[in-house]
Amino acid sequence: MFKGCTPVYGKPEVEYDLNDPADRDKLGIADDGKFADGYCHFQNCTWMVEERKGAYHIKVAIEQLESTVRQLLASGRKVTMVVIRMKGPSRNELRRFTVDKKSRNVRLGNTAKEIRIPGVDSPVKVIYENDLQKNIEDLRGNNWVSALA
Amino acid sequence: MGLSISLENRPNISPKDALEAKLKVAFQVLEFQRKYFIPKGIDTWSIAPLESLGGKVLDRFPRDSDLDSLRSRAELSINAAPWDSDILGFTFPGDWILGSTKLTGYLTLHNKEWRSTYGDIESNIYPTTEFSDLLDVVRTNDKTKEHLVHDFLKDFPNLVDKETSKINRIYFGLGTPSRIDVDSLVGAYYSTEKDFIRDCLSTVKEVEGERLEPGASFRRIS
Chain R
1 MFKGCTPVYG KPEVEYDLND PADRDKLGIA DDGKFADGYC HFQNCTWMVE ERKGAYHIKV
61 AIEQLESTVR QLLASGRKVT MVVIRMKGPS RNELRRFTVD KKSRNVRLGN TAKEIRIPGV
121 DSPVKVIYEN DLQKNIEDLR GNNWVSALA
Chain C
1 MGLSISLENR PNISPKDALE AKLKVAFQVL EFQRKYFIPK GIDTWSIAPL ESLGGKVLDR
61 FPRDSDLDSL RSRAELSINA APWDSDILGF TFPGDWILGS TKLTGYLTLH NKEWRSTYGD
121 IESNIYPTTE FSDLLDVVRT NDKTKEHLVH DFLKDFPNLV DKETSKINRI YFGLGTPSRI
181 DVDSLVGAYY STEKDFIRDC LSTVKEVEGE RLEPGASFRR IS
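Each protein sequence line maps, in turn, to chains R and C. Heads up, the final residue of the first sequence is numbered 149 in this note's numbering, and it's a clean run with no missing numbers. Heads up, the final residue of the second sequence is numbered 222 in this note's numbering, and it's a clean run with no missing numbers.
Just so you know, the hints here were simulated from the structure itself, not pulled from any lab data. Watch out, some of these pointers could steer you wrong.
Unchecked claim - Chain R stretches covered by chain C per the calculated footprint, using a threshold of three residues with CB under 8 Å from any CB of chain C:
| # | region |
| --- | --- |
| 1 | 30-36 |
| 2 | 86-94 |
| 3 | 112-122 |
| 4 | 127-138 |
What the hints assert, rightly or not - In silico lysine to aspartate or glutamate, DMTMM-like type, Cα no more than 25 Å apart, as pairs:
| # | chain 1 | residue 1 | chain 2 | residue 2 |
| --- | --- | --- | --- | --- |
| 5 | R | Lys78 | R | Asp131 |
| 6 | C | Lys162 | C | Glu193 |
| 7 | R | Lys87 | C | Glu193 |
| 8 | R | Lys87 | C | Glu206 |
| 9 | R | Lys78 | R | Glu15 |
| 10 | R | Lys101 | C | Glu208 |
| 11 | C | Lys35 | R | Asp31 |
Remember, it's a predicted structure, so these values are computed and weren't measured experimentally. Every residue gets a Cβ at the ideal spot worked out from N, C-alpha and C, and that includes glycine.
Please take these sequences and the hints and turn them into a complete structure.
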C-alpha cells in the first residue's frame, strides 16, 4: 500500500497519490493500470515519480514510470527524477539489470547503459526496502556531488 | 502470477518460422485463458519491449479483442519487411476478469534477446494497491486457480502442435518466475525429467555459488 512518496529530500511539499482516481484526474493520467504510485515535489526543486513494487518486476515498473512520465510531460508537468522502490532484487532480473551501489542507477546488464525515461535527464534509480535508509542517503549524497560538479 | 513459457530451440529453423511458431503458441494461450483474459489490441515492437530499454514501437493496433483480427495484424507485421523477425516482439494489452475483480494486464511475446529473462511468452497484471501480482488474484478463487494453474500445467503442453513448437518449461510464480528464484514459484512444468534435474542442479550451483566464493574457509565436520 502506497503511503506517500519516499522522503528522499525531506518531506515532499506537494504530493499526488496516483492510486487515487481524483489525483490522477487532476494530473490527466489515464486509468489504464499503467501508472506509477506517486508524484511529488521537494524543496530542492526535484519533481519525482515513484513506483513501488511488492513483487519483483523491474521491467513492469519501468513501463509504469514510462507511461506516467509521458502523460505528465504531455500536460506540461515537470519530472526530474524517477525512482523504483522495491523489496529487493530478484536473481533472474539481476542478470538483466544491474543497480549501481552508490548512484542507485539501473543499468542494462549487457550494455551497462543507464536506463532513462524519455524526457527525464536523470537515469532511473532503484532503492531497496531492506536497506532503505542507506539507499536514501546514497541518493542524497549523489545529488550533492552532481550539484557541485 | 507471472506466467512464463519457454519453448524449445529448434535447430535449422528460420527466425521468421520461429516467430510464427511462437505466435501460434501465444494465441493458444490466449484461447486457453479466454474466459479470464480479454486482449484489447496488439503492439508490435522491435529490439526491446520498452522505449527506455532501447525498444521501438513499430505498430499499435488498439481496441480489438477478436483473436482472428489480432492474429492477422501480427502476421502482417511479421511479413512486412524490412524488420528482422529476430528482434520483433508483440504485446497484447488487455483486461483480466477474475470474479468481480477487473485488472489491466498483458501477454508479451519476447524476442531472442529478452526471452532469457522473461521466457518466450510472459503474462501478468499491472499491479494495483490491492494486488501486486496475478497470483494474488488467482489465489482468491479456487476455480480460477484450478483452471489457470493446475489445468494449464497439465493440459496446455499437449495442446501445442509438436510439429512446429514444443513447450520446454512453464513457470508460475510471483514477479518474474524463473528457475533461479525458486522461492517465488508456485508451479512448474518440464517437458522431460532431465530438464527438471538440470534446473535443480543449476539452481543449486547458482544459489550456493554465492556462498562458495574463492577463499571461503570451511569447518571440518568430524
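Hint by hint, here is what the structure shows:
Counting residues of the region 30-36 of chain R whose beta carbon lies closer than 8 Å to any beta carbon of chain C gives 3, which meets the minimum of three for the stated coverage. Counting residues of the region 86-94 of chain R whose CB lies closer than 8 Å to any CB of chain C gives 4, so the stated coverage by that chain holds, three being the minimum. Residues of the region 112-122 of chain R with a Cβ under 8 Å from some Cβ of chain C number 5, which satisfies the need for three, so the listed coverage holds. Look at the region 127-138 of chain R against chain C: 0 of its residues bring a Cβ nearer than 8 Å to a Cβ of that chain, fewer than three, so the hint is violated.
Between Lys78 (chain R) and Asp131 (chain R) the CA atoms are separated by roughly 29 Å; this puts the pair beyond 25 Å, and the hint is violated. Proximity of Lys162 (chain C) to Glu193 (chain C) is assessed by CA-CA distance (about 18 Å); at most 25 Å being required, the pair is judged to hold. Proximity of Lys87 (chain R) to Glu193 (chain C) is assessed by CA-CA distance (about 33 Å); at most 25 Å being required, the pair is judged violated. Distance hint between Lys87 (chain R) and Glu206 (chain C) is fulfilled; the C-alpha atoms sit about 21 Å from each other, no more than 25 Å.
Our distance criterion of 25 Å between C-alpha atoms is met by Lys78 (chain R) and Glu15 (chain R), whose separation comes to about 13 Å. With a C-alpha separation of about 23 Å, the suggested pairing of Lys101 (chain R) with Glu208 (chain C) holds against the 25 Å cut-off. Only pairs whose Cα atoms come within 25 Å are accepted, and Lys35 (chain C) paired with Asp31 (chain R) is accepted, the gap being roughly 23 Å.
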